[in-house]
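Protein chains in written order, with the numbering used here: chain A, 28 to 329; chain B, 28 to 329; chain C, 28 to 329.
In case anyone wonders, no lab produced these hints; they're calculated from the structure. Note that this is a predicted model, so its numbers are computed, not measured. Among these hints, one or two may not hold up.
[To be verified] One-sided excerpt, in silico: chain A residues whose CB lies under 8 Å from chain C:
#1 43
#2 59
#3 187
#4 303
#5 306
[Stated by the list, open to error] With a straight-line Cα cutoff of 20 Å, these simulated SDA-like cross-link-like pairs (lysine to any residue) come out:
#6 A:34 with C:110
#7 C:30 with B:129
#8 C:110 with B:156
#9 C:210 with C:233
Glycine is no exception: its CB is placed at the ideal position from the N, C-alpha and C atoms.
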Amino acid sequence: MDKDLSKITDSILRSYESCGGINHVDGANLPSKRALASICEDLLQLLFPGFHDQEPIRSVHLPRVTSYRVTAIADRLREEIAKSLRLREPGCPETKAERVLFDFLERLPEVRELLTTDVQAAFEGDPAANNTDEIILAYPYLEAVAIQRAAHVLYDLGVPIVPRIMTEWAHSRTGIDIHPGAKIGRSFFIDHGTGVVIGETSVIGERVKLYQGVALIARSLAGGQALRGVKRHPTIEDRVTIYSGTTVMGGDTVIGAGSTIGASVFVTRSIPARSLVFYEEKQLQILDKDKRGQVVVDDWMI
Amino acid sequence: MDKDLSKITDSILRSYESCGGINHVDGANLPSKRALASICEDLLQLLFPGFHDQEPIRSVHLPRVTSYRVTAIADRLREEIAKSLRLREPGCPETKAERVLFDFLERLPEVRELLTTDVQAAFEGDPAANNTDEIILAYPYLEAVAIQRAAHVLYDLGVPIVPRIMTEWAHSRTGIDIHPGAKIGRSFFIDHGTGVVIGETSVIGERVKLYQGVALIARSLAGGQALRGVKRHPTIEDRVTIYSGTTVMGGDTVIGAGSTIGASVFVTRSIPARSLVFYEEKQLQILDKDKRGQVVVDDWMI
Amino acid sequence: MDKDLSKITDSILRSYESCGGINHVDGANLPSKRALASICEDLLQLLFPGFHDQEPIRSVHLPRVTSYRVTAIADRLREEIAKSLRLREPGCPETKAERVLFDFLERLPEVRELLTTDVQAAFEGDPAANNTDEIILAYPYLEAVAIQRAAHVLYDLGVPIVPRIMTEWAHSRTGIDIHPGAKIGRSFFIDHGTGVVIGETSVIGERVKLYQGVALIARSLAGGQALRGVKRHPTIEDRVTIYSGTTVMGGDTVIGAGSTIGASVFVTRSIPARSLVFYEEKQLQILDKDKRGQVVVDDWMI
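Only chain A is shown next, with the shape it has when bound in the complex (with noise of 0.2 Å):
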């Protein structure tokens, strides 16, 4: 078995040779996704403290355990930022990393100060809530739309990979995409989650509510990579809620404000405000499937 295993062993190093656009070898230090996760799990920690802790949190205790969690999330996210910044410019000096590290910690109190409007929105929303407290231990929406707010300030100081490596571990969670890139305006919510799709150019105004599977994308188009930094996602203006499976496509698509956007919809023009879409109601067949001589299309509705 040794033999057969070093004669696979070399086939497999020689396709690392053949194959090299997916080997990282000889290269920079990459960010790590590790890192990273646990750097989320204490972010979670210092912005909503007493709440994923095991045990709860004293007030007298409270200005020493956060300035330790402040501590231990710079020592590790400095050095994320540091590897991340100089996968893009080699010699970037340290004191770089340590100057958007304080940027991005100065930034905290004011994630944490939306984060409590979403919070408002979601207990305001629904009605399955019986308190704020239940939304912040079990909702799955808020533990990805925290990651988001604070990765969209790492991705506006310019970090490359690090914030969507933080929102591809939210997505994991929660089954919800956010890109850091998005642009998202105060009390906002998403019911169920799981499906949600907001690219990066997207823009959403305030009070907007999303169902799960709802999907703000581009449009998939031959110029690919010629269309980087363009706006290609829409536009959510305030007071919005799209419901369920409702796909939004394009970066002109602008959504008026306090639409209503009904279920598994596909918008690709721009709707004024005040608006209701959906599918006209006598478009969907009814059939009765025990009447004869109706035309039965297939054999999946016996």
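Given chain A, put chains B and C in place with the hints provided.
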């Protein structure tokens, strides 16, 4: 750096004072997500003995193993139940948590009996399943349904928050979001599963089959919290099949027995028994990309 | 309390006797989900060297690291293969598991070659990707496709259950459910990914792009288990793009080469090559909420 970090700590501590709604400081002990995750794993071992173990179980050891598992679950779950009861009723005595715990454990054989019908329904409904072992080992829906059926018992017994944390644990692992309040009949099967949402007041009959992305949701009304406790989610009668991505909405919406609903439909009113429901085929536009003169409405179609 | 718990243990033990179908007691050793999860993680390190490591790999160390990884995977995977073969054929000799293992390992360079084309397709198709490193580090679809391409080799070699446990491991992490039986051509890209379902007998050509929530499923027929082995899932020809939430159903349904299918469509019959498919735009109702006199069909529209 230390001086800067201590400034940042101060600004975060000030934010804890000004945005109090998302802190949990000096409060009662909250149920622990980590403890409940481990209890859920142990419950799956107890419900499906031998399937979630590293080694096969011999029948001579089964009484000892089962006794150990029951005790281990009881010790930790009693504590989580007590913490959650005290959030609502601060002086709630330990004996009340213990009584709820026993009521829960006594109903586990009934949960197992329902799960046996679910496994059989999955096997009969899915030609990709080679045997029921494969379903219990690999089908995510079964894990989501097992945890929901157990959490539903706790919900029925009036335990706050804990049942929801349990179903959200399963949601995170499977993408299937079934509220612990939902009433689900025997022989239930969800194929593939990701993105399924079943709201708190849904009622599901026997032999129902759902595909991934099916949503049983409430209308999003201005009422908000005023609607708590009201039936807001649909009723699905016996032997209904609903294909992927379809949304059924509203508390008085009933899908009649024996009906089949196609994929990506938005159903907002009741459907009679034995119906077929789908969008009229002729509404589907099928254009030839290479034929000139037809209206191309958007450049994504090129 | 101890007396009550022993009563509960007894009633659960009785339930193990009366509901035997969901126990695995005195049976053969089952494949271990935990062991296969760890094997999948190691496979990703072997397929994409340097990307899933904490430290960068130096080329001088690559032969030693690779040899170690191959050996570590081989030792554990042989055992899981042996256990699964013995479920079907109790006396199956260790040498058969070993032969299957070598056949699998020998095909890994071929898997890597396909993955190189997938990464390139993702980079060309997504302007949000800054470089291929970001795709390999952060895009969940690549993990799902890598595990499916490896599991497909084991499926082809006739190994039961193990390939499905592997793809369900990826499903749990990514929300992407690709059956190990599906045949997938070069340069495959799934954008965002959550909720994608690709059934066992699907056949996918080259340069196909799917968005999240796209489902290639079988009709749900009374036949059930009688259909095992029959082609039940669609064929998607080369250069097809399918937008989010669309379901394509049935084993004789073929989406012709170069076609584009819009979002939230339910396709139950074949589509010719070079087609555009979407629901007619004029069926989409766009009403003004503030205009009196129009029929408001439901109060969710207010």
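Would you pick out the hints that fail for this structure and give their numbers low to high? 6
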